[in-house]
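Novice: Heads up: the sequence shown begins at 1 in full-length UniProt numbering, then just goes up one per residue.
Hints may contain errors.
What the hints assert, rightly or not - In silico DSS-like links for lysine-lysine, alpha-carbon gap of 30 angstroms or less: (1) 121 x 280; (2) 196 x 166; (3) 196 x 121; (4) 316 x 121; (5) 230 x 196; (6) 316 x 280; (7) 230 x 88; (8) 316 x 196; (9) 121 x 230; (10) 166 x 121.
Bear in mind the hints are in silico, worked out from the structure with no lab data behind them.
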Amino acid sequence: MVDEGGTLPGADDDADPRIVCHVDMDCFYASCERLREPELRGEAVVVGMGYESGEPHGAVATASYEARAYGVESAQPVSQALELLPRKAVAREDPDLDPADAGHYRPVDLEYYREVAGEIKAILHECADRVREVSVDEAYLDVTERTAWEVVDGRPLAEGYARHIKERIAREVGVPASVGVAPTMSAAKVASDHDKPDGLVVVEPGGVRDFFDPLPVEAVHGVGPVTARKLGEMGVETAGDLAAADPTAIRERFGERGRTLYDRARGNDDRAVTPTGRPKSLSRESAFTEATADAGRQRETVAGLAADVAERAEGKGALYRTIGIKAVTPPYDVYTRERSLPGPVADADLVREVAGDLLAEFAGDEIRKLGVRVSNLQFGAAEQARLDGWDDDEAVEPTPDRSTTDGQSSLTDFDGRE
Numbered sequence: 001m002v003d004e005g006g007t008l009p010g011a012d013d014d015a016d017p018r019i020v021c022h023v024d025m026d027c028f029y030a031s032c033e034r035l036r037e038p039e040l041r042g043e044a045v046v047v048g049m050g051y052e053s054g055e056p057h058g059a060v061a062t063a064s065y066e067a068r069a070y071g072v073e074s075a076q077p078v079s080q081a082l083e084l085l086p087r088k089a090v091a092r093e094d095p096d097l098d099p100a101d102a103g104h105y106r107p108v109d110l111e112y113y114r115e116v117a118g119e120i121k122a123i124l125h126e127c128a129d130r131v132r133e134v135s136v137d138e139a140y141l142d143v144t145e146r147t148a149w150e151v152v153d154g155r156p157l158a159e160g161y162a163r164h165i166k167e168r169i170a171r172e173v174g175v176p177a178s179v180g181v182a183p184t185m186s187a188a189k190v191a192s193d194h195d196k197p198d199g200l201v202v203v204e205p206g207g208v209r210d211f212f213d214p215l216p217v218e219a220v221h222g223v224g225p226v227t228a229r230k231l232g233e234m235g236v237e238t239a240g241d242l243a244a245a246d247p248t249a250i251r252e253r254f255g256e257r258g259r260t261l262y263d264r265a266r267g268n269d270d271r272a273v274t275p276t277g278r279p280k281s282l283s284r285e286s287a288f289t290e291a292t293a294d295a296g297r298q299r300e301t302v303a304g305l306a307a308d309v310a311e312r313a314e315g316k317g318a319l320y321r322t323i324g325i326k327a328v329t330p331p332y333d334v335y336t337r338e339r340s341l342p343g344p345v346a347d348a349d350l351v352r353e354v355a356g357d358l359l360a361e362f363a364g365d366e367i368r369k370l371g372v373r374v375s376n377l378q379f380g381a382a383e384q385a386r387l388d389g390w391d392d393d394e395a396v397e398p399t400p401d402r403s404t405t406d407g408q409s410s411l412t413d414f415d416g417r418e
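The task is simple: from the sequences and hints, build the whole structure.
Specialist: The following block contains the structure:
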């Protein structure tokens with residue numbers, strides 16, 4: 001029997017490799033909306049950032065699995081999502097639409113999501129001695145001192161402890177979580193994504209390499225589309241291919257980062273679970289299904305990203321002095337533009353305005369991905385600097401960035417994997 005934060009019988013600190021859990025909440029924003037409105041359970045739910053009820057603007061922050069079945073994806077413009085999945089209220093009034101093939105749209109409510117996340121994180125901190133909170137809906141736990149890899153009745157005790165964590169979250173908070181358990185952080189993260197939603201995947205010591213080998217190389221934590229394409233040119237298509245590759249050749253092509261990816265594909269990752277410090281920047285990215293030159297979709301996406309970044313900054317009590325965007329054009333050319341302000345601010349409208357101004361430089365260009373970032377952060381400032389009129393001439397000179405892009409089609413950070 002496991003107590004609320006205690007140790008399983010049979011745990012032995014010195015006998016086994018460390019035990020890392022990666023807890024990833026499933027469609028977290030949508031799950032929170034279902035928690036608030038139980039009638040949404042089993043229904044297609046879309047949560048939009050920069051979105052207001054009844055409007056077609058904004059970008060999809062989260063789409064439930066039911067909504068994804070209709071082709072709705074994170075980071076899509078809400079206008080595009082509505083073409084694939086009409087609003088339930090509209091479908092009920094339109095004889096040409098079937099309400100069964102419609103969904104519920106809700107605006108992002110970060111304050112509420114943080115309240116729910118706070119309840120989850122309280123459980124995680126009770127169940128682990130070391131917790132690394134990655135985001136509002138994701139965390140790593142080192143539970144080495146709480147359980148063990150010892151196998152009892154055909155299953156490792158660590159699996160039972162991870163199931164206990166999942167069940168506490170479901171019982172006490174009411175939202176589903178997927179959990180990956182492994183001896184390394186990178187393997188635990190891949191495991192948590194392996195059987196979503198509401199999954200539990202355990203990779204035991206000595207089995208990380210076998211677990212990784214058949215997976216596409218993008219499954220290796222840190223590998224995104226750009227790196228995957230370059231690896232493909234070297235004949236590396238799977239994690240097993242990367243693990244078996246010549247490490248010297250990988251390092252020559254990708255530098256020290258290449259050696260890190262090679263080690264992870266082989267199951268080697270000695271990073272410790274440590275709490276995160278204050279961020280240097282806050283950002284969000286959104287990838288289009290296909291590159292688009294549609295100015296309306298581009299503006300809508302940037303506006304949604306700007307709203308989300310500004311809310312994140314507000315939630316962390318951060319002021320910012322620099323606002324920037326990132327634009328990825330075909331094939332994978334990456335450009336960043338930013339503007340520095342006279343003083344630190346916390347102003348969502350200003351983030352949206354500046355990001356939109358910076359986007360104008362790319363008018364007519366096909367764009368694969370867009371991002372918005374605030375940086376030069378300050379925390380705990382007593383007052384916000386007043387900006388009654390700052391001069392556009394203070395903009396930072398635009399500079400091209402290195403060719404990088406993130407490996408996800410959903411919302412991601414600027415500093416994501418290549």
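Novice: Hint by hint, say whether it matches the structure.
Specialist: Verification of the supplied hints:
no., hint, verdict
1, 121 x 280, "holds, 23 angstroms"
2, 196 x 166, "holds, 13 angstroms"
3, 196 x 121, "holds, 20 angstroms"
4, 316 x 121, "holds, 16 angstroms"
5, 230 x 196, "holds, 28 angstroms"
6, 316 x 280, "holds, 12 angstroms"
7, 230 x 88, "violated, 44 angstroms"
8, 316 x 196, "holds, 29 angstroms"
9, 121 x 230, "violated, 38 angstroms"
10, 166 x 121, "holds, 12 angstroms"
Going down the numbered hints, you'll see the structure goes against 7, 9, while the others check out.
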